[in-house]
Amino acid sequence: DAMVIQNPRYQVTQFGKPVTLSCSQTLNHNVMYWYQQKSSQAPKLLFHYYDKDFNNEADTPDNFQSRRPNTSFCFLDIRSPGLGDAAMYLCATSGGDGGPTDTQYFGPGTRLTVL
Amino acid sequence: AQKVTQAQTEISVVEKEDVTLDCVYETRDTTYYLFWYKQPPSGELVFLIRRNSFDEQNEISGRYSWNFQKSTSSFNFTITASQVVDSAVYFCALSEGYSTLTFGKGTMLLVSP
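The listed protein sequences derive, respectively, from chains A and B.
Numbering of the first sequence is given in my numbering, commencing with residue 9 and proceeding in unit increments.
Numbering of the second sequence is given in my numbering, commencing with residue 2 and proceeding in unit increments.
In short, the hints are calculated from the structure, not lab data.
Be careful, since some hints might not be right.
As the list claims (entries may be wrong) - Derived DSBU-like pairs (lysine-lysine); straight-line CA-CA distance at most 30 Å: (1) B:K106 with A:K52; (2) B:K39 with B:K17; (3) B:K39 with A:K52; (4) A:K52 with B:K71.
The whole structure should be built from the sequences, with the hints applied where relevant.
See below:
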């Protein structure tokens, strides 16, 4: 049974056209994370929510926004995608407080292509 | 400074060979956690193991084993009798303080028949 679900799995958008990626979870976890992973690189944390508290990484571009309307869903909005934003976007969840003891469980990712 | 080093970028083995993936970490905290994740070609990061800094006991799970040595700041991962399905990128990661995961750059393992 899928626990962290990401839709769509593949997304193609045009340069500058806003796009929204979706993540949902059936684990009832407190924390949800968004990572960006470019080819042959490690995942890079963009931001995370602890419940409704939003935590943005210092180097996350303003072009990236997130929404968490409820426990189960979290969205990544890219307001004006550039060619450099083409990547795999991974959603993860954890059941603690986002601290070091948490184990993060990842979804299958959404591969974003920017034309 | 890089906190998690996976010096092996890519490893190629033939099926049934044993293979060890190296992970060296750096931290000033006495309490920290180490993780291994597997990322197959499908893209999903699959959690394999979490180890806290106070538990140096080695762990075995089927064909997988982990060797944690605080004296050398290493948390190595061995696959015994490798199989083609083990082909993936493997990430070692560190969690400390009130920070989220710091990943190494990953090691791509290719197991050929």
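To see whether the hints hold, each was checked on the structure:
1. B:K106 with A:K52: holds, 11 Å
2. B:K39 with B:K17: Satisfied, since the Cα-Cα distance of roughly 19 Å is no more than 30 Å.
3. B:K39 with A:K52: holds, 16 Å
4. A:K52 with B:K71: Status holds; Cα separation ~26 Å.
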